[in-house]
Structures are given as C-alpha cells and as structure tokens.
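Build out the structure end to end from the sequences listed, making use of the hints.
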Amino acid sequence: MLKILNKKNIVNLIFVLIILLAGFLRVYRLGEVPKGLQNDEASFLINSSSILETLKDEDGQFLPIQLNSLMDPKPALYSYLQIPFLVIFGNNTFASRLPSALIGIVSIFLFYLLIKKLTKNNSLALLGMILLSVSPWHIVNSRATEEVILSFTFLLANLIFFLKITKDKKINLIYYILFFLTALLGMYSYHSNKIVLLGFYSTYLLLNLLVKNTKKEVKKRSLILFLLTFFSFLLTLSSALTRFSAIGVLGNDLPKALIFEFTTKSTGQTPLLLIRAFYNKPFFYFRYFLENYLAHFDLNYLFVSGGATKRFIVLQHGLFYFFEIIFLFFGSLQLLKNKKYKNLTFIILTLLILTPIPAALTIEEIPSSIRPFNLILPLILIVILGFEYIFNLIKNIKPSWKFLLIIFTTLVYVWGLAYFIQQYFVLTPILSVSYRSRNYEITALRIKDKIDDYDKIVFTNDLRGVYIYLWLEGLISIPEIQVQPLARYQQNYFLKKFIFSQDSCSFPDYDGKVLYVTPASCRSHRPNNLKTLEQTYLDDGVELGFLFSEKLK
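Reminder that position 209 of the sequence shown reads as 211 in the numbering used here, one-by-one numbering, no gaps.
No wet-lab data here; the hints were simulated from the structure. Among the hints, erroneous ones may be present.
Said to hold, decoys possible - Okay, derived cross-link-like pairs now, DSS-like style, lysine-lysine, Cα gap no bigger than 25 Å in a straight line:
| # | residue 1 | residue 2 |
| --- | --- | --- |
| 1 | K458 | K515 |
| 2 | K452 | K498 |
| 3 | K397 | K10 |
| 4 | K172 | K344 |
| 5 | K452 | K397 |
And the structure:
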C-alpha cells in the first residue's frame with residue numbers, strides 16, 4: 003500500500019484528476035451550453051461539412067486555406083479539425099465545439115510543461131494546471147468554436163520550444179522546425195498572435211543585442227528565432243491586413259469628429275499653430291488606442307464584468323474569480339522581487355505589454371474577452387507567484403494553521419467554481435441568449451414548418467446569416483450554395499425560394515404566395531395588405547425574434 007502511495011504515484015494521480023476535471027468542465031452539456039450556435043460557429047460548421055462532402059468550401063474553393071464568412075475572412079484550420087468529429091457525431095453543435103474543448107484540455111497539459119520548464123518546480127506546475135483548468139475565461143473559450151483557443155495552444159507550444167532552444171547546450175534542428183511550425187500556425191490560426199509573437203521575439207533579440215557580455219551563441223540563437231518568427235509573420239500577413247481594414251482603429255470616425263468639433267470651437271480663440279498641435283489625427287488616434295489598451299487592465303473587466311464580448315459573457319462573473327485579485331496582488335510583489343525565474347519574468351512582462359495591442363487596434367468589443375485571450379497566460383503565472391509568495395510567508399507557522407489556511411483556500415475555490423457553474427450552466431442559457439444567433443435557429447425551425455406553403459420567403463434587414471441555419475434544417479444543400487460563390491454579399495441574395503435583402507423593413511411585391519421575415523421592429527412599417535402570422539421570442543421571453551407576414555388573400 004505504501005508503495006502504491008509513493009510521491010510519484012500521488013503526483014500522477016493529481017495530474018489525472020486535474021485532466022478529468024478539465025475535461026468535465028469543457029465537455030459537459032457542450033452541445034447545449036452556451037445556448038445557440040453563434041454565427042462564427044455556424045460558418046465553421048457549414049464549411050467543414052462542405053469540405054467533407056465536396057472537398058470545397060461553401061464558395062467552391064478547393065481545400066481552402068482561408069474561409070469567407072459574412073463578417074471577415076477566417077483561417078480554415080479549425081474547419082479541418084472539425085471534420086473527423088462531424089463524421090462521428092454528425093452536423094451538430096456538439097461536434098462543432100468538441101475540437102475546441104479537446105484543444106483546451108491539451109493547452110492545460112502544455113501549460114504544465116511550460117511552468118515546469120520555467121520553474122523546475124512540479125508543485126507550481128500542478129498548481130498552474132489546476133488554476134487553468136478551473137479558469138472561467140479558459141472554460142468559456144474552450145466551449146465555443148473559436149480560433150483563439152487553438153492559437154493560445156500553439157503559443158504555449160512555441161514558448162516551450164523557445165525555452166528548449168535557448169537553454170540547451172546543443173540543439174537538434176527538429177526543435178527549430180517545431181518552433182517555426184508553432185509560430186506559423188499560431189499566427190495563422192488567429193491574427194492577434196502575429197503582433198504578440200513578432201513583438202516577443204523582437205524584444206528578446208533586442209535585449210540580447212543590447213546587454214553586454216551576452217554570449218555569441220545566445221545572440222545567434224536569438225537572431226534565428228527572430229528570423230523564423232518574422233518569416234512566419236510575412237507568410238500570414240495578407241489575411242491580417244484584410245481583417246484590419248474591416249475593423250481597424252483607423253476606421254473609427256469618432257476621433258475625426260472630435261478634431262472637427264474642437265477645432266471649430268477653438269478657431270478665433272486659440273492660435274492656429276496650437277490648434278494644429280493639439281487637434282490632429284496622430285494624437286487623437288493614439289489617445290483612442292491608449293484608451294482601448296488600458297481598458298484591458300481594468301479590474302472591473304477582469305474580475306467583475308468580463309468585458310464587451312456579449313456572446314461570451316457569464317452573468318455576474320468576470321474573466322477571473324474575484325478573490326484571485328488577492329493572489330494577483332501578492333504575485334506582483336513576488337514578480338518585483340523575483341530573481342530566481344528570469345525567463346518567467348521576461349515572459350510575464352513581455353506578454354502583459356504586448357497582448358492587449360491587437361485588441362486595442364480594433365474598434366469592436368472594447369474591452370474584448372477574445373482578442374487579448376493570451377493575457378490569461380501572464381496573469382495566471384502572476385497568480386501562481388502569489389501563491390508562492392503567501393506560502394513563503396506562512397511556511398514557518400504551525401502546521402495546523404498552515405493546514406487550515408490550505409483548506410480555507412481550497413474551499414474558497416470550490417465555492418467560486420460552484421458559483422461559476424451555476425451562472426454559466428444554469429442561468430446564462432436562460433437569461434443571456436440574445437447574442438448567440440439563437441433567433442436565427444428559432445426562425446429556421448419555424449420556416450421548416452411553413453416552407454411548403456409558400457412560393458417565396460423574403461428576409462429583410464440583412465438577415466443573410468439565416469441561410470446557414472436553413473442548411474442545418476435541411477432546407478437547402480451545400481451544392482445549391484456553391485453554385486453562387488460569394489453571392490451572399492450582394493444587395494439581394496437569391497437562394498432557391500429564399501430571398502435575402504439588405505434593405506431595412508422592405509416588403510417587395512413578388513408574384514405568388516410570399517412569406518416575409520423581418521425583425522419585430524418592422525411591424526410599424528408593414529404594408530396594409532400584409533397580415534402578421536406570428537412573432538417569435540427568445541428562450542428568455544425577450545421579443546427579439548422575427549415577425550412573419552404574408553399577403554392578405
């Protein structure tokens with residue numbers, strides 16, 4: 003019995019239990035929570051199914067690298083990862099999310115390896131595993147069809163190879179290849195990593211070039227890592243430029259409006275030279291960027307509200323447990339006095355500075371819980387240092403008091419996890435479904451019951467996204483979609499008997515029996531010759547569904 007319960011076996015048991023806990027929190031009711039297959043998830047799903055069925059995406063591209071969704075281009079990697087699960091489980095929400103959940107579990111294992119390599123401390127590595135496995139931010143992003151968890155996993159793997167290359171005396175070529183592949187895939191799978199990884203290795207190279215007495219071999223390896231990262235950046239740059247042109251900070255007209263207003267009000271009262279010095283685009287756009295950047299360090303965002311990405315909000319819950327702010331504080335103290343873990347300090351500080359930059363360069367969802375997701379890495383590392391700091395403070399107290407403190411901390415985390423489970427699995431699916439395209443799902447179900455009664459079904463107010471949900475209900479096929487590549491971007495998109503118009507509250511007069519599907523807000527714009535059939539409601543009873551109208555006979 004004593005042999006069975008030796009230290010190594012206990013560590014292995016703890017490791018397995020953490021993985022099982024992480025798996026449960028990420029797979030339990032995966033097809034039901036979060037409720038509603040959101041637009042981005044649906045886009046990946048239809049393309050995965052299309053590639054599986056025809057070797058082409060929904061636009062007819064053969065084995066594509068990039069996908070054209072309604073909102074912006076997306077890397078196709080996640081769709082390829084979905085395909086085996088679609089074969090096993092079919093075209094459903096569970097199958098579409100399962101790759102993300104499994105990748106999230108893999109990232110927890112990689113996080114363990116990273117901490118162990120950074121600290122040489124297995125206890126801290128296991129603690130890091132536990133913290134990441136129960137992290138609300140990580141759980142929520144692992145349970146959705148999102149590229150960010152995939153990109154985060156590649157980042158962890160890349161940092162592990164970075165440490166291997168920089169610390170070992172002799173390096174096999176395979177590690178440089180693996181470093182390059184993880185950097186390339188990390189940048190390809192999500193745009194934020196382009197700035198984070200390039201900035202990280204640029205900083206590392208610069209420090210090694212500037213610091214005196216740096217060994218020649220260290221400088222050489224730093225340069226190689228930078229060049230490999232820069233090459234990865236160039237290979238993935240074009241898609242990032244397309245995305246930035248759509249949602250980049252320069253597309254925001256607010257700074258221009260403020261410049262115009264302040265200039266107008268100041269003219270005649272302030273010298274022209276000062277007006278130009280104060281009210282100019284570089285200064286105002288930099289100020290706007292800085293405001294966005296600092297918003298991602300807001301304690302309310304991190305510990306209370308969870309940010310502006312509504313489809314990922316957990317009711318009355320932050321990205322971290324609110325009590326972790328204590329460990330973050332003590333961890334910051336430990337970081338300032340830390341001389342033991344130099345690489346750990348470098349990774350924490352560099353990622354803290356770089357990670358919010360991509361999010362701050364955009365105009366959507368500030369502060370976001372998706373684009374700066376890599377922040378979870380340095381912040382949890384600081385929380386781990388907070389635990390170490392507190393443990394060092396109490397190591398000389400009586401064992402009984404130390405035991406009570408450990409039990410108390412454990413109970414606090416158990417309570418926090420239980421509260422998160424209640425909010426996320428019970429209340430959020432009931433009270434927070436407005437942002438997850440649930441109305442599209444409900445509409446597609448209603449139309450399925452009515453489709454045979456009408457010659458045409460017209461959607462107004464740019465409801466093009468419904469076409470994917472019509473496909474999920476078997477009302478249109480992938481070959482029928484592929485016949486018209488990118489036609490959904492036109493003002494009027496014709497697909498079988500469905501017509502998708504981008505006009506607001508329009509009721510064009512078509513021959514035959516026509517069903518009009520519009521937002522409820524269009525009720526007052528309805529012509530007199532139309533009658534209302536039904537009003538759809540979301541699961542929480544909110545009137546955000548659609549109004550069904552048909553011509554009066």
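Do the hints match the structure? See the list:
Between K458 and K515, the direct Cα distance comes to roughly 7 Å. Compliance with the 25 Å bound is thereby established for this hinted pair. With a C-alpha separation of about 15 Å, the suggested pair K452 and K498 falls inside the 25 Å cut-off, and the hint holds. As the CA atoms of K397 and K10 are separated by approximately 23 Å, the hinted pair is consistent with the 25 Å bound. The hinted pair formed by K172 and K344 meets the criterion: a straight-line CA distance of about 21 Å does not exceed 25 Å.
Between K452 and K397 the CA atoms are separated by roughly 70 Å; this puts the pair beyond 25 Å, and the hint is violated.
Comparing the model with each earlier hint shows a violation of hint 5 alone; every other hint is respected.
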